[in-house]
Structures are given as C-alpha cells and as structure tokens.
Amino acid sequence: MKTITLTLKKKSQIALEFDELIPDKVFTWEKADFENYQVPVGNRRFPLTDYFDIEVEGTAAGPEEVKMILEGDCGRVKYIGCKMGAGEIIVNGDADLHCGAEMTGGKITVNGDAESYAGREMKGGELEIMGNTREFCGCSYIGDWRGMSGGKIILHGNAGKQLGECLSGGEIYVEGDCDILAGIHMSKGFIQIDGDVTRWPGGQMKNGNVLINGELGMLLEGFVYDEIVRDPVIDGKSFSGKYIKYTGDLAVNGKGGLYLNAEKNRKYL
Amino acid sequence: MMEYILKNGIVYDPANNIAGEKKDVMFKDGKIVENVSSDAKVLDVTDKIVMPAGIDPHAHVAGPKLVVGRIYRPEDSRKGVVSPNEVCRPESGFSIPSCPATGYRYSRMGYGTVTEAAMPPLEAKHTHEEIMAIPNIDITPLPLFGNNWFVMQYAKEGQIDELAAFISAWLKITKGYGIKIVNPCGTEAWGWGGNVHGIDDPAPYFDVTGREVIRALSQANEMLGLPHSIHVHPNDLGHPGNFPTTVNTLDCVKDIEKNSSVRNQTIHLTHAQFHSYAGTSWRDVESGAEQVADYINKNKHVTCDIGQITLDETTTMTADGPMEFDLHQLNGLKWANKDIELETGSGIVPFIYSGKAPVPSFQWGVGLELFLRIKDPWQVCLTTDHPNAGPFIRYPRIISWLMSAERRQEMMDNLEVRVWSYKRTGLGTLDREYDFNEIATITRAAAAKIYGYQDRGELTPGYNADIAVYDLNPNDIDPSKEPAAIEQAFGNAMYTIKDGQILVKDGEVVKVVPSHTLWTNVQGFEEQEKAVMEKVMPTFRRFYTVKFENYQVQDHFTPNPLITTVQASK
Chain F
113 MKTITLTLKK
123 KSQIALEFDE
133 LIPDKVFTWE
143 KADFENYQVP
153 VGNRRFPLTD
163 YFDIEVEGTA
173 AGPEEVKMIL
183 EGDCGRVKYI
193 GCKMGAGEII
203 VNGDADLHCG
213 AEMTGGKITV
223 NGDAESYAGR
233 EMKGGELEIM
243 GNTREFCGCS
253 YIGDWRGMSG
263 GKIILHGNAG
273 KQLGECLSGG
283 EIYVEGDCDI
293 LAGIHMSKGF
303 IQIDGDVTRW
313 PGGQMKNGNV
323 LINGELGMLL
333 EGFVYDEIVR
343 DPVIDGKSFS
353 GKYIKYTGDL
363 AVNGKGGLYL
373 NAEKNRKYL
Chain U
382 MMEYILKNGI
392 VYDPANNIAG
402 EKKDVMFKDG
412 KIVENVSSDA
422 KVLDVTDKIV
432 MPAGIDPHAH
442 VAGPKLVVGR
452 IYRPEDSRKG
462 VVSPNEVCRP
472 ESGFSIPSCP
482 ATGYRYSRMG
492 YGTVTEAAMP
502 PLEAKHTHEE
512 IMAIPNIDIT
522 PLPLFGNNWF
532 VMQYAKEGQI
542 DELAAFISAW
552 LKITKGYGIK
562 IVNPCGTEAW
572 GWGGNVHGID
582 DPAPYFDVTG
592 REVIRALSQA
602 NEMLGLPHSI
612 HVHPNDLGHP
622 GNFPTTVNTL
632 DCVKDIEKNS
642 SVRNQTIHLT
652 HAQFHSYAGT
662 SWRDVESGAE
672 QVADYINKNK
682 HVTCDIGQIT
692 LDETTTMTAD
702 GPMEFDLHQL
712 NGLKWANKDI
722 ELETGSGIVP
732 FIYSGKAPVP
742 SFQWGVGLEL
752 FLRIKDPWQV
762 CLTTDHPNAG
772 PFIRYPRIIS
782 WLMSAERRQE
792 MMDNLEVRVW
802 SYKRTGLGTL
812 DREYDFNEIA
822 TITRAAAAKI
832 YGYQDRGELT
842 PGYNADIAVY
852 DLNPNDIDPS
862 KEPAAIEQAF
872 GNAMYTIKDG
882 QILVKDGEVV
892 KVVPSHTLWT
902 NVQGFEEQEK
912 AVMEKVMPTF
922 RRFYTVKFEN
932 YQVQDHFTPN
942 PLITTVQASK
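Line by line, the protein sequences are chains F and U. Counting with the working numbering, you get residues 113 to 381 for the letters of the first sequence. Counting with the working numbering, you get residues 382 to 951 for the letters of the second sequence.
Honestly, I wouldn't trust all of these hints.
[Stated by the list, open to error] Straight-line distance between alpha carbons at most 30 Å, and here's what the computed DSBU-like set of lysine-lysine pairs gives:
id, chain 1, residue 1, chain 2, residue 2
1, F, 195, U, 460
2, F, 264, U, 422
3, U, 635, F, 137
4, U, 737, F, 195
5, U, 460, F, 273
6, F, 195, U, 404
[Unchecked claim] Some chain U residues judged to face chain F by a derived CB distance under 7 Å, without partners named:
id, residue
7, 454
8, 455
9, 794
These are calculated hints, taken from the structure and not from any lab test. This one's a predicted model, so the numbers in the text were calculated from it and none came from an experiment. The C-beta atom is built at its ideal place from N, Cα and C for all residues, glycine as well.
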C-alpha cells in the first residue's frame with residue numbers, strides 16, 4: 113500500500129492538469145519523482161512543488177495499491193483521475209473539469225463540488241461526489257454520440273444540465289436535484305434521481321432507464337404513459353413504492369423507460 | 382540550387398517502362414536531369430525502391446466541407462493529435478486532418494500531388510484559401526458542374542458551343558483544373574426533396590437527364606481539349622443494384638471522340654466501389670464489380686479510381702446531398718446538409734465501416750475485387766475517396782492488401798471481415814497479387830496520365846524532381862508474406878523529394894514548403910466566352926445572392942499557381 117498525499121499550498125488562476133498523475137503512472141514514484149515533476153499549467157509546465165506539498169508513504173507493486181489524497185481546494189485542478197484504471201484518489205475539496213473522465217477502473221471520491229464533465233466517457237470504476245456538479249456529468253465528449261459506457265457515478269448533491277448525455281452503459285445516482293435534459297440521447301444504462309428534476313428527462317432517449325423519486329417539472333411529449341407499477345425491479349434493482357411508468361422517446365422510436373414516483377408526481381395522473 | 386544523385390536505387394517508373402531497374406536518378410534545379418557534375422550530392426539509396434512521388438487523383442482535402450466537418454466532428458479532431466516540433470505545426474484530426482496535417486501526412490507517404498475533387502464554384506475562394514494552408518503537396522481543384530443551372534439549361538437545349546464557352550470561362554473564374562460531375566441532376570432534385578434514379582430520370586423543372594448533362598459536358602470537354610476528361614460520380618451511389626447505372630454512364634459517352642493527346646480516356650469514373658453493386662436491396666445485395674470491371678477491360682475510353690473501404694470510423698462528405706441523407710437515415714448519426722445556390726449541394730455524415738458488420742465487409746470486398754479484376758493498371762487508381770471510404774493515411778495498408786493474397790485470405794478467415802466479403806463478392810476466388818511496378822502505376826503514373834500532367838508522375842528528364850524513396854529492397858522482400866513491412870515502408874518514405882527539395886527523410890517531415898495550385902487556362906475561346914458572359918449575367922444577377930465581383934477568384938487567392946494552358950481548337 114502506498115499513500116501519496118498532495119497538500120495544496122497555492123491555488124493557480126490557470127488550471128493545473130493532473131492527467132499524468134494517476135495511480136497507473138505514478139505507482140512506482142517516490143517523493144523525489146514528484147518533486148522533479150513539472151505539472152502542465154496552460155501551455156507551460158511548472159514544478160509541482162510550486163503548488164503542493166508532497167508526502168509519499170509505503171510501497172506499491174501496482175496501481176491498485178495506490179491511494180492518492182489531494183488536500184485542499186482543487187477547484188483549479190483539471191483532469192483528476194482522467195483515464196485511471198485502478199487505485200484510489202480522494203479529493204478533500206473541490207475538483208475542476210473532467211474529474212474521472214475516461215476512467216476504466218478504481219475509485220475517486222470528491223469531498224466537495226466537481227466542475228463540468230465529471231465522469232465524462234467513463235468506462236468503469238466509481239466516481240463519488242459529495243457535493244454538487246455542473247453540466248455534462250457522465251456524458252460524452254462534445255460532438256460524440258457515445259457517452260459514458262460503464263462504471264458508477266454517485267452524486268450526493270445536485271446535478272446540472274444534460275446529466276448522462278449519450279449514456280450507453282453504467283449507472284448514475286443523484287441524491288439531490290437535477291437540471292434539464294437528464295439522459296438526453298441515452299441508449300443504455302441507468303439514471304436515478306432522488307431529488308426534483310426541472311424538465312425533459314430522457315429527450316431523444318433510445319433505451320435504458322431513468323427513475324425519478326422527486327418531482328418532475330415538465331415531461332416531454334415523446335413519452336407515452338404505460339401503467340402504474342408497484343415495487344418495480346429495474347435493471348436488477350428493487351424499488352419500493354408506486355411509480356408512473358412511461359416509454360419513449362417516441363421522437364426517435366425510443367423504447368426507454370421513465371419512472372416517476374407517483375406520490376410526488378400526482379399532477380401526471 | 383543543388384545537384385543530387387540518388388545512387389543505386391531500384392527504380393519503378395512505369396511511364397518510361399522501367400520496372401525494377403537498378404540505376405541512378407539525377408536532379409538539378411528542381412528537375413530530373415540526365416547528367417550531373419562531380420559536385421552532385423550523393424544520396425545512397427542502394428537497393429531501395431525509387432518511384433515518382435505519389436499522385437492522388439481523388440480526395441477531399443480543401444474547402445468548406447472540410448471546415449464544416451471539423452466543426453461538427455470535434456470528436457474526430459481530438460484523434461490524430463501530434464505535438465509541434467521545430468519543423469512542423471501541430472497535427473489534429475483522424476479522418477479530417479487539419480490543413481497542415483493533411484500536407485504532412487501525404488508528404489510522409491511520399492505523395493506530391495492531390496486532387497481536391499469537389500469545388501463548388503461559389504466556394505472556390507474558400508477552397509483556394511484552404512489550399513494555401515496545406516503545405517508540401519500541390520493541389521488540383523475540380524469545380525462542380527453536374528447540377529449547375531447554366532449547364533443543365535445548355536444540356537437541355539443541346540447548346541454545346543455555348544456550354545464549352547461557359548466551361549472555359551468558369552475554369553478561369555474559379556481557377557479550376559477540369560470538369561467534375563456529381564450525381565448529375567440528382568443533387569438538383571434534392572433541392573425538391575428527391576433524387577433521380579439513373580441517367581434517364583430527369584431533374585424537376587429543368588426536365589433534363591443525367592445522360593444529357595454527362596454527354597453535353599463530355600462534348601464540351603473534348604471541344605476544349607481539356608487535359609483531364611470529365612470526372613464523374615454517377616447517379617445511384619451506394620444503392621444495391623446500381624451497377625447498370627454505372628455502366629450506362631460509361632457507355633453513354635463512348636461515341637464521343639477524344640480531343641487530347643495528353644490522356645487516353647474520355648471519362649473517369651470515380652470511387653467505382655460505391656457504384657458496383659448488384660441485387661435489389663441490402664438483403665440480397667451482391668457484387669457488381671465483375672460487370673463493371675468487364676466493361677472497363679473492354680473499353681479504353683474509361684479510367685477509374687476505386688474508393689476502397691479501409692474499415693475505419695470516418696466521415697462521409699460529398700456533393701451528393703440525397704445520398705448523405707440516406708446514410709444518415711441508415712446509421713442514425715448526425716447529419717449536416719447544405720444547398721449551394723444554382724450549383725450543387727452537400728452533405729456530411731459520420732460513418733463506421735466496421736469489419737464486424739456485413740455491409741462494410743461486402744464493400745471492402747467489392748473494392749478489392751475491382752482492383753484485382755481490372756486488368757490494365759493504367760485504367761485504375763488507388764483512392765479511398767478520402768475521407769468517404771477511409772482516410773488517405775491507409776493507402777499503404779491497401780497496397781499491402783493488393784500485394785498479398787495471403788493477407789486478404791487471412792482477414793476473411795480470421796473474421797477481420799465478415800462472410801459477405803467473400804460470399805457476396807468474388808474476392809475469395811481472386812489470387813492476383815500486384816507487383817511493385819503495378820503499384821507504381823496505380824499510385825503515380827496512371828493518375829498523371831489520366832490528368833494529362835506533363836511535368837510530374839514520371840522520372841523523365843525535364844520533369845519535376847518529384848520522387849519518393851522507400852526503405853524496401855524488392856529483391857529481398859516477399860510482399861505476399863510480409864504485408865506489415867509493406868504498409869510500414871510505404872507509410873514512412875525514406876525520402877520524399879518535391880521540386881528537387883528533400884521534404885521528408887526517414888519518415889519525418891524535415892522541410893515545409895507552400896503548395897501550388899494547378900488550374901487550366903483555355904486560350905482561343907475569348908470571343909465565345911465574352912458572348913456567353915453577356916447572356917449569363919442577367920440570370921446570375923437575378924438568382925445569385927452574391928455579386929459577380931465577389932464571386933470570381935482573384936489572383937491573390939492562388940499565390941502559387943501552376944497554370945496549364947490549353948489551346949482550344951474551334
């Protein structure tokens with residue numbers, strides 16, 4: 113087991129990029145290696161020691177034995193855990209754009225908020241965000257029709273627009289509220305939102321399932337009422353209570369499932 | 382300028398009937414020469430393959446389609462990213478490279494000249510601006526005429542003299558090299574939400590057929606004696622059962638007499654693979670390659686390029702607007718569409734040609750079947766219709782497939798391609814393997830002949846010193862058993878020499894030079910042009926939303942022109 117602790121001592125106005133500092137690449141590194149490392153900042157590089165105090169304890173035979181702890185407000189540190197395949201990263205503070213993007217394994221915990229594109233194109237692993245996130249959590253790269261395809265995102269706060277855009281696998285859980293167009297263009301996978309949803313979940317959805325336990329502000333016309341279901345099992349998961357089930361989005365001949373908690377959404381009955 | 386001698390290379394120069402001869406190639410002041418002095422710099426290329434630099438007769442590398450493609454496919458742009466170095470700017474893009482990347486990548490492969498095969502006259506300025514941004518290769522733009530309102534009207538009325546004068550004027554106005562025809566009358570029908578089906582189905586309103594347009598443009602082409610023949614993308618691209626349309630297209634100009642000494646053909650069929658399908662639907666589709674190849678083998682007025690599928694995720698972009706909409710309906714991916722007023726249309730759709738799917742496997746087989754069945758290598762050119770059937774960086778891989786029956790069989794056996802590749806095509810029965818001389822023909826000499834180039838594609842004294850050297854000893858390698866080595870070597874030239882300057886060494890770009898633009902200036906038709914312009918201008922002013930003064934391409938849009946002067950006989 114190797115524990116790498118990076119404690120923020122200076123916040124940069126221009127974002128640092130941490131895509132090279134993932135367990136898969138640094139599991140053999142010692143303190144001296146981190147001290148020698150120059151971190152990308154804009155189109156230049158600066159010593160990591162300009163921004164973080166470095167502590168390395170223990171040894172690791174592979175990335176799965178690495179725990180990396182980032183102490184402090186990393187609101188200007190982009191690409192934390194980007195492309196990581198194993199190991200653990202804990203951010204005790206906020207995280208900037210693309211946190212957990214393209215992850216294939218391992219776990220990231222953000223004890224704070226995460227900026228846009230958290231979990232973009234995830235293929236595996238787990239991303240847990242204790243605070244809120246902004247647009248495009250668990251989505252595709254801009255312009256691409258293939259989004260997050262595996263893994264799990266757990267969001268304890270609120271989600272922004274277009275959560276899970278182009279979702280083609282994996283699971284997203286939001287304990288707070290969610291803004292417009294959750295699950296837009298999704299073709300597979302599962303999204304659960306326990307708070308309220310502004311409007312239009314599942315737009316142009318082809319398949320997969322979206323479950324909403326809070327109140328939905330506005331339902332898209334492309335969703336057709338199916339039935340009331342009680343204690344449904346969805347994608348192998350059991351839910352208790354009554355749900356209004358819809359199928360859609362008919363605009364693209366979609367066959368996805370949209371489940372609205374019946375108690376919170378009486379206006380649709 | 383320096384004198385150079387490429388020492389002891391094994392030379393393939395089909396135009397001069399040199400097929401693997403060990404000899405020196407000498408150049409001075411940017412030209413091939415017969416002798417150099419003892420001061421000449423010696424480049425030891427002992428037992429390495431030496432060929433003229435490659436010529437791509439059909440690609441989409443410059444112009445507004447490329448820009449729209451880059452903007453609307455950012456997920457393609459982030460692939461193929463290469464950092465800058467002391468010589469080169471950064472590269473980006475896989476199927477649609479940035480302009481500098483386009484030049485670097487062709488140059489690395491040993492290419493020196495590329496055709497931009499679809500330039501809408503209205504967007505000619507934009508195309509020329511992009512050509513300026515592409516280094517290291519010369520570019521030949523072909524303006525589009527097959528759905529042009531003036532052209533359709535002349536064809537309808539049978540006014541060939543006026544059409545010839547119109548073409549003569551428009552090549553000057555757009556600084557284009559020759560006549561391109563795309564889905565004649567079909568893209569015009571698309572403006573009405575339809576398409577045409579075959580060469581005898583008329584366009585709405587104009588009530589003119591593809592046959593009439595193709596024949597009229599071919600007659601005008603021969604009247605002017607343009608260096609390149611008409612260059613045709615027939616109706617019905619990509620449709621099962623389309624090969625009769627293709628054969629009818631080729632046959633409908635058979636009687637038109639050639640009026641050029643610099644080329645052999647009167648019609649060039651482009652991306653033939655997309656036009657060689659039998660059957661009636663995707664359920665019962667079969668290859669029509671045998672029928673198309675048979676026609677070509679029996680008729681010398683035809684040349685073609687193939688448009689080989691490379692089994693990649695790529696971007697389709699073409700003036701065939703209705704076909705692009707069909708593709709979007711088929712694969713459900715995003716679609717961009719544009720009308721080019723009075724001239725043509727355009728569409729863009731991403732496409733995934735996966736060897737795991739039956740249709741792309743079939744198309745892959747059709748393309749290779751055409752290459753293997755067309756007997757005369759002077760009648761066929763290697764293309765992928767970049768980026769439509771795959772990116773041009775795959776040309777070395779296609780070369781490895783053509784030179785190795787074993788590799789083709791392995792791909793079919795290993796399920797790198799599905800069973801349709803051999804059950805629906807004749808590929809499984811064809812064991813022909815191209816030799817290096819045939820490869821040099823289909824990638825160099827044939828394209829130069831087809832375009833009527835008098836300065837490139839040959840290692841003839843007086844010609845441009847456009848030369849490629851590949852790190853392969855043809856006496857040591859067995860291309861049939863070593864396809865990977867063939868792909869590697871043809872993808873990374875030992876030397877690429879252009880106008881006598883070494884641009885690539887050992888697969889790396891070592892020098893960057895501006896591109897030249899090739900266009901055709903017809904002389905001797907000035908009076909006829911003037912008369913035609915007087916008649917055309919009222920219609921132009923009425924229907925175009927731009928002023929004529931803003932339409933024509935001024936000289937500063939082609940800072941490095943190479944002008945082919947043609948003396949029209951009339």
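Cross-check of the supplied hints:
1. F:195 with U:460: Within the cut-off at roughly 15 Å; holds.
2. F:264 with U:422: 64 Å, violated
3. U:635 with F:137: 65 Å, violated
4. U:737 with F:195: Distance ~26 Å between residue 737 of chain U and residue 195 of chain F Cα, so the pair holds.
5. U:460 with F:273: 26 Å, holds
6. F:195 with U:404: 52 Å, violated
7. 454: 6 Å, holds
8. 455: 4 Å, holds
9. 794: Nearest chain F Cβ about 30 Å off; hint violated.
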